[in-house]
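Colleague: Here is how the chains run, residue by residue.
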Amino acid sequence: MVVLALGISLCVSLVHFVRIVNAGIPRDLAPAAGEVSPAVRYSFTGAMSPTKKESAYLHLPTYATGIIFHLGTFLSFFLFVWIWIGLPLPGIPLVLVTGFLTLSVACGLSMLGKRILERKLRLLSNPDDYLSNMLVDLFQATLVLSLWISAMKPFCFLTMALLLLYFPVGKLKHALYFFAARYQLGWFFGRRGVWPP
Amino acid sequence: MTNDQLQHAIDLLRPSGDSRLLTHLNSCVHCGLCAESCLFYLATGDERLTPARKADLVSSIYRRYHSVTGKLLPWLVGARELNSESIDEMVELLFGSCTLCGRCTMHCSIGVDVTFLVQTGRKMLSEMGLVPATLQATVQAAVETGNNMAIPVEDYRDTLQWMEEELTDEVGDPEARIPLDKPGRKILYTLNPREPKFFPLSISAMAKIFYAAGESWTLSTRMYDVTNYAYFSGNDGEAALIADRLWSEMKNLQAEQLVLAECGHGTRAFRWESPNYLERSFPFPVMSSVEYIAGCIREGRIRLDPEKIRERVTLHDPCNLVRNGGVVREQRYILQSFVPDFVEMTPSGIDNHCCGGGGGMLSMSEYNEWRMKAGSVKAEQIRRTGASIVVTPCHNCVDQLIQINAFYKLGVRILTMAEIVADALIIEHETRIAKQSRAPLK
Ligand code: SF4
Ligand code: SF4
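Which chain is which? The protein sequence lines are A and B, in order.
The C-terminal position of the first sequence is numbered 197 in our numbering, with every residue numbered one higher than the one before it.
The C-terminal position of the second sequence is numbered 1442 in our numbering, with every residue numbered one higher than the one before it.
Keep in mind that the hints were calculated from the coordinates and are not lab data.
Bear in mind the structure is a predicted one, so any value in this text is a computation, not a measurement.
Heads up, a few of these hints could be off.
[Unchecked claim] Which stretches of chain B does chain A cover? Using the computed rule of at least three CB atoms under 8 Å from a CB of chain A, they are:
no., stretch
1, 1075-1082
2, 1338-1351
[Stated by the list, open to error] FRET-style restraints, in silico, Cβ to Cβ:
no., chain 1, residue 1, chain 2, residue 2, range
3, B, P1347, A, L94, 44 to 54 Å
4, A, L123, B, K1409, 31 to 41 Å
5, B, E1311, A, Y130, 21 to 31 Å
6, B, G1017, A, L60, 30 to 40 Å
7, B, D1046, A, G24, 45 to 55 Å
8, A, K153, B, T1044, 48 to 58 Å
9, A, G24, B, I1426, 50 to 60 Å
10, A, L60, B, K1251, 52 to 62 Å
11, B, E1089, A, G24, 28 to 38 Å
12, B, R1298, A, R27, 38 to 48 Å
13, B, K1308, A, L123, 32 to 42 Å
Backbone N, C-alpha and C define an ideal beta-carbon position, used for all residues, glycine too.
Please build the complete structure, drawing on both the sequences and the hints.
Modeller: See the structure below:
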């Protein structure tokens, strides 16, 4: 089931990826005032830091919550493969991983709660936003539980399959577009001599 | 509106050409963290005015017509039809409450180019003939008369003559000139039509700088308008037509270099967008007057009196020149070279807030109320500096700042860069004559 979902997910994601790469970067006939490479590097590093990005420094708790949640998601994918191929997870790492993923799930739920409670976010949200968050929360939660209760493993595999299938369809695909967007931003501000500042 | 127009507007969202549109239409995660980057949201607290809402208005229509999920399950991904309801909202949000300042883009948590999406939405509205009448009238005036204020040639010539008299008095040299239509000069200089129409002294201020630098320059009668409001209306055809006139005038007058007057969007539209509108590269160098003045100071071609400006001065950064145009340091270099009490706004430079008059807002009188409200952010920034002079290298911003000044009772003076520099210029006739003999006027 997971293999099939993974196959479908990879194929559809590949279509997105190929579309982006095939379309290529914009053509700009105006003479550049700066360099693209350092600006792209800055776009992925300095410009993302909470010292420079207003969406981060004005919202530090949300920013931290988001970082933990994303780290938790990557860790969950890694752990899923770990469990899948049947590798053991000894005591201390198991406790640490459980602690971090529990925190990550809490962060995900708090983001969901914020989306439900804050009018500004509610106005902006569509069912996809709630569903995407819930799927990732559920995946992380079932994974943590299956680390301790082996009867939970089928649920974990099921949520993983759903997550994989949904990934290229809804907003979760931002994991792919994020890189293209940051690159484009670096390209734009780099050519114009704005970045790096 | 015809079905054809509607279909053309929808087609504009079909990602083609490069990956820019495809990327930004698919990247927003609806985190809402960009809200505070936008002066319209900051000033009003209205949740409909967040950058994300404006971007999503465009992306949601894209999803409805160009994405599989949006076609099959529109309710799931918030895909919207292009209908009278969404169109009304587009006009209100994309024209009425966005200055295309790009601040949200720079600070977006993902990197969504909100400005580009708003611009794409404006192109759709333009395709459907729904550009606000006031903005379209400004574009039309430029297309039909060659300048956006429809100034008759005679009035323009008279104003220049009057300003030439001002210049001769000011520099004490009866030979000082404001050259018009002189072929073969090094520089063709442009104007914002607001100058001959309302603020002619800024023409004599720049002429004084050219005079002091011993520059070989000229203005044109046929095409002097630096602005290009079609960039804001979203009509690339008209934007190309307006830009092409300046290219042609450079050729007509055989000028070597184009210096653009202090106009943020005009500089952006010409320096950055016109080669793409016209699909050709510049055969001549183009620079803003700010870069030109900074160069004159750096090369010692003009000298400024540091005793002249005793008041506290602050600087407003025009979004199109600074955040979207990369001219960030030159204006600071100029002011720091002769203003002893220069203070930055907070935030400043590429992070500075828009004045609220950009994006064609000043010409769209139907949105005056929102524009003045949005201006409260800038008013507060100015107030906090304690400055009594606000300098900004953009006539559009000057216009908005003058209105903010009166509306919020700030009691400051608003000057262009040329004006404050001209005030402090040291005119040395001997030096000027020596400069001229080193670089003779053509
Ligand atoms: S535009 Fe950027 S900051 Fe704003 S909601 Fe979308 S992803 Fe978040
Ligand atoms: S471009 Fe400027 S005015 Fe427009 S939504 Fe973004 S921050 Fe607001």
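Colleague: Hint by hint, note whether the structure agrees.
Modeller: Status of each hint after checking the structure:
1. Proximity of the stretch 1075-1082 of chain B to chain A, defined as three or more residues with a beta carbon under 8 Å from a beta carbon of that chain, is established by the 4 residues found.
2. Only residues whose C-beta sits within less than 8 Å of a C-beta in chain A count toward coverage, and the stretch 1338-1351 of chain B has 3 of them, enough to reach three; the restraint holds.
3. Remark: the range hint 44 to 54 Å for P1347/B to L94/A is upheld by a beta-carbon distance near 46 Å.
4. Evaluation of the 31 to 41 Å hint for L123/A and K1409/B yields a pass: the beta carbon distance comes to about 34 Å.
5. A hinted range of 21 to 31 Å for the beta carbons of E1311/B and Y130/A is inconsistent with their spacing of about 55 Å.
6. The hinted range of 30 to 40 Å is satisfied by G1017/B and L60/A, whose Cβ atoms lie roughly 39 Å apart.
7. A hinted range of 45 to 55 Å is violated for the C-beta pair D1046/B and G24/A, which are about 38 Å apart.
8. Hint check: K153/A to T1044/B, Cβ distance near 51 Å, so the stated range 48 to 58 Å holds.
9. Range check, G24/A to I1426/B: about 52 Å between beta-carbon atoms, so the 50 to 60 Å window is met.
10. At roughly 55 Å, the beta-carbon separation of L60/A and K1251/B lies within the given 52 to 62 Å, and the hint holds.
11. Remark: the range hint 28 to 38 Å for E1089/B to G24/A is upheld by a beta-carbon distance near 33 Å.
12. Between R1298/B and R27/A the beta carbons are some 33 Å apart, a value that contradicts the proposed interval 38 to 48 Å.
13. Here the CB-CB span from K1308/B to L123/A is close to 52 Å, at odds with the stated 32 to 42 Å.
Of the numbered hints stated above, those contradicted by the structure are hints 5, 7, 12, 13, listed in ascending order.
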